[in-house]
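Number of protein chains: 2
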Amino acid sequence: MSLAEQVLEGNIRAAARLMRDIDDGRQEAIEELKQLYPHTGSAFIIGITGPPGAGKSTLVDQLTASFRSRGKKVGVVAIDPTSPFTGGAILGDRIRMNRHSCDEGVFIRSLATRGALGGLSRSTSDVALVMDALGMDIVIIETVGVGQDEVDIVKEAHTTCVVMVPGLGDDIQAIKAGILEIGDIFVVNKADRDGADRTARELSTMLDMRAATEGSWNPQVLRTEATRGTGINELTDEIMSHRDYFLSSGAIDNFLRERTQRHFMSILRDTLFKKTLQYVAQDDYLSGLIERMTDHRIDPYSAVEEIVTKMMPN
Amino acid sequence: MSLAEQVLEGNIRAAARLMRDIDDGRQEAIEELKQLYPHTGSAFIIGITGPPGAGKSTLVDQLTASFRSRGKKVGVVAIDPTSPFTGGAILGDRIRMNRHSCDEGVFIRSLATRGALGGLSRSTSDVALVMDALGMDIVIIETVGVGQDEVDIVKEAHTTCVVMVPGLGDDIQAIKAGILEIGDIFVVNKADRDGADRTARELSTMLDMRAATEGSWNPQVLRTEATRGTGINELTDEIMSHRDYFLSSGAIDNFLRERTQRHFMSILRDTLFKKTLQYVAQDDYLSGLIERMTDHRIDPYSAVEEIVTKMMPN
Chain A
2 MSLAEQVLEG
12 NIRAAARLMR
22 DIDDGRQEAI
32 EELKQLYPHT
42 GSAFIIGITG
52 PPGAGKSTLV
62 DQLTASFRSR
72 GKKVGVVAID
82 PTSPFTGGAI
92 LGDRIRMNRH
102 SCDEGVFIRS
112 LATRGALGGL
122 SRSTSDVALV
132 MDALGMDIVI
142 IETVGVGQDE
152 VDIVKEAHTT
162 CVVMVPGLGD
172 DIQAIKAGIL
182 EIGDIFVVNK
192 ADRDGADRTA
202 RELSTMLDMR
212 AATEGSWNPQ
222 VLRTEATRGT
232 GINELTDEIM
242 SHRDYFLSSG
252 AIDNFLRERT
262 QRHFMSILRD
272 TLFKKTLQYV
282 AQDDYLSGLI
292 ERMTDHRIDP
302 YSAVEEIVTK
312 MMPN
Chain B
2 MSLAEQVLEG
12 NIRAAARLMR
22 DIDDGRQEAI
32 EELKQLYPHT
42 GSAFIIGITG
52 PPGAGKSTLV
62 DQLTASFRSR
72 GKKVGVVAID
82 PTSPFTGGAI
92 LGDRIRMNRH
102 SCDEGVFIRS
112 LATRGALGGL
122 SRSTSDVALV
132 MDALGMDIVI
142 IETVGVGQDE
152 VDIVKEAHTT
162 CVVMVPGLGD
172 DIQAIKAGIL
182 EIGDIFVVNK
192 ADRDGADRTA
202 RELSTMLDMR
212 AATEGSWNPQ
222 VLRTEATRGT
232 GINELTDEIM
242 SHRDYFLSSG
252 AIDNFLRERT
262 QRHFMSILRD
272 TLFKKTLQYV
282 AQDDYLSGLI
292 ERMTDHRIDP
302 YSAVEEIVTK
312 MMPN
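Protein sequences appear in the order of chains A and B.
If you count by the numbering used here, then the first sequence holds residues 2 to 315, one letter each, in order.
If you count by the numbering used here, then the second sequence holds residues 2 to 315, one letter each, in order.
Incorrect hints may appear among the rest.
Said to hold, decoys possible - Okay, derived cross-link-like pairs now, BS3-like style, lysine-lysine, Cα gap no bigger than 27 Å in a straight line: (1) A:K275 x B:K156; (2) A:K276 x B:K73; (3) A:K156 x B:K35; (4) A:K276 x B:K311; (5) B:K35 x A:K276; (6) A:K35 x B:K276.
Unchecked claim - For each label pair, taking beta carbons as the anchor points, the in silico distance ranges come out as: (7) B:D195 x A:G289: 54 to 60 Å; (8) A:G289 x B:R27: 50 to 56 Å; (9) B:R229 x A:Q283: 56 to 62 Å; (10) A:H297 x B:S205: 46 to 52 Å; (11) B:S249 x A:S205: 55 to 61 Å; (12) A:S43 x B:W218: 49 to 55 Å; (13) A:L208 x B:G251: 51 to 57 Å; (14) A:S70 x B:G216: 57 to 63 Å; (15) A:D25 x B:S249: 57 to 63 Å; (16) B:S250 x A:D209: 52 to 58 Å; (17) B:M207 x A:G106: 37 to 43 Å; (18) B:T310 x A:L208: 33 to 39 Å; (19) A:S70 x B:N234: 38 to 44 Å; (20) B:S242 x A:Q283: 49 to 55 Å.
Worth flagging that the hints you see were computed from the coordinates, not collected in a lab.
Glycine included, each C-beta is placed from N, C-alpha and C at the ideal position.
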């Protein structure tokens, strides 16, 4: 029986193996993903993003418990920062969410940010696809930091929660502005800290300035203290409200089309590149070319033209 | 006279125009870059990275002044976070480094993180190339945040300074670990703050654990108060020491070869993709394919295989 078939039967071990293959960028994983694809599309995907120090892991832990208490099976994809040197996930072996470890309705997976071909958002969406096929009702994607990577990742989610925290300094203004448009729900975590009121107020003001379209979703600013579980139930309710809006307004159709297109483009990019690399790696052609470029005897743009003309004669 | 020729004559306006074309991803920019390429390679590139709130902009301002006082012409590429919604640089119009605005030996350019084809590290290195061709002795690249994007960007630099700041919370541990290997020099800025000793000590301990190879560079932890100019001269000295090490140890040869290869691969990836997109965009072929994928009638991997076989028959 193929890995894909085992995953569709709910086999956790098979899912873990397939995810490892995806994370490692193994070609075999693609055949399995092809088999899974027709059976996916039912999981609801939630993205959790925000700056380091905002308490995202604890919040995800609490959200997991909350969805479990509502009878949902929950998958968690946690993006861990990778050491560029060792290539491994730094936090991959940290003990995450101990209390769910005996719960078969929870599946947690750390994904290394190793910058694999196709990038992190591809791996993330492939891993989410496996969790979907495995029968998880909810898939939570937790990112590290707030950059373009994270924006790309949370685009995979139906609902995106942006987690802020009081007192992170001035540069945070920039972050706020950048992520304002990707958030469906804003959370001020560690709401017992000094400055929580101010952070919440600032966020609300910025959201008010965002031009609201008739019938469009109106993002709220919620407060939580994840370490004590305060505000989690309200956050879960708000996520489900956004889900209802998403499904009933028809916004989901556009979302799915755009996500599919992005996914497809990313695979296309990689595949073209891989096939070309295999070709140019023959007979020291590539290493000779790089030598000439390093010595500034040919510029990289002209070198690329030379290769593309060979590969794509039409 | 072409833009490239004007840049090589030191024309600031021409350089600014070319950089804008690069930032906008315009095809014409490539022909100009081809012309510039043989005349580049003499600027020394410094990367400044670290979490939001670390005071990087002020530090870069001070470093610029310091290099100017040593008779160097300084280019600054500041990566600004982009709003995914508007596509423009949020801080692009902020008044940066006022005091250098009348100095012809300083050229400052904000680059939007708009996620252009080829990614930010490509645009950054192209803009640095223009500054190099323009005759800048030093090019400082300042990133926002600490993620994979930033790691990719600072790989373009000969010397990378990682700027930390006391009291950014626990998640910072993860960031530290991730950037430990990319830093040639570590800076604890805002060194007058509580916890500066602890941050510096922690960094030193982590650096000590890094296996040192015989004759390799030994990164130091420096302290600065950028707002008051304290420690800037020492930092400038340390950067020049690293430069000397880089040139005399021969480490530069490997660095240049790897950077050229990365640059070339990135251009190759984009060009293959662009050419393929032009092809599939004809006759509604692409939109039909995306429709079939969205309806789960074909998986994206099989769709890509179909196209690649057409484009690359060999």
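**Report entry** Verdict for M207 (chain B), G106 (chain A) (Cβ pair) under range 37 to 43 Å
**Finding:** 38 Å, holds
Requested in this report: For the range 56 to 62 Å, tell me whether the beta carbons of R229 (chain B) and Q283 (chain A) fit it or not.
Outcome: For R229 (chain B) and Q283 (chain A) the Cβ distance comes to about 59 Å; the hint holds.
Requested in this report: Using the Cβ atoms, figure out if L208 (chain A) sits within 51 to 57 Å of G251 (chain B).
Outcome: 55 Å, holds
Query raised in the report: How does the Cβ-Cβ distance of T310 (chain B) and L208 (chain A) compare with 33 to 39 Å: does it lie in that range?
Result: 48 Å, violated
Query raised in the report: Are K35 (chain B) and K276 (chain A) close enough, with their CA atoms no more than 27 Å apart?
Result: Between K35 (chain B) and K276 (chain A) the Cα gap is close to 26 Å, so the pair holds against 27 Å.
Report task. Verify the proposed pairing of K156 (chain A) with K35 (chain B), using a straight-line Cα cut of 27 Å. Result -> 35 Å, violated
**Report entry** Cβ separation of S70 (chain A) and G216 (chain B), checked against the hinted range 57 to 63 Å
**Finding:** Since the Cβ atoms of S70 (chain A) and G216 (chain B) sit about 59 Å apart, the hinted range of 57 to 63 Å holds.
Query raised in the report: So does D195 (chain B) sit 54 to 60 Å from G289 (chain A), Cβ to Cβ?
Result: Cβ of D195 (chain B) to Cβ of G289 (chain A): about 57 Å, so the range 54 to 60 Å holds.
Query raised in the report: S249 (chain B) and S205 (chain A), beta-carbon distance inside 55 to 61 Å?
Result: This hint holds: roughly 57 Å between Cβ atoms.
Query raised in the report: Within 46 to 52 Å or not, the Cβ separation of H297 (chain A) and S205 (chain B)?
Result: The hinted range 46 to 52 Å is violated for H297 (chain A) and S205 (chain B), with Cβ atoms some 40 Å apart.
Requested in this report: Verify the proposed pairing of K35 (chain A) with K276 (chain B), using a straight-line Cα cut of 27 Å.
Outcome: With a Cα-Cα distance of about 26 Å, the restraint between K35 (chain A) and K276 (chain B) holds, given a limit of 27 Å.
Query - Given hint K73 (chain B) paired with K276 (chain A) - CA-CA distance at most 27 Å - result: Cα-Cα ~45 Å, so violated.
The structure is inconsistent with the numbered hints 2, 3, 8, 10, 15, 18, 19 and 20, although it conforms to all the rest.
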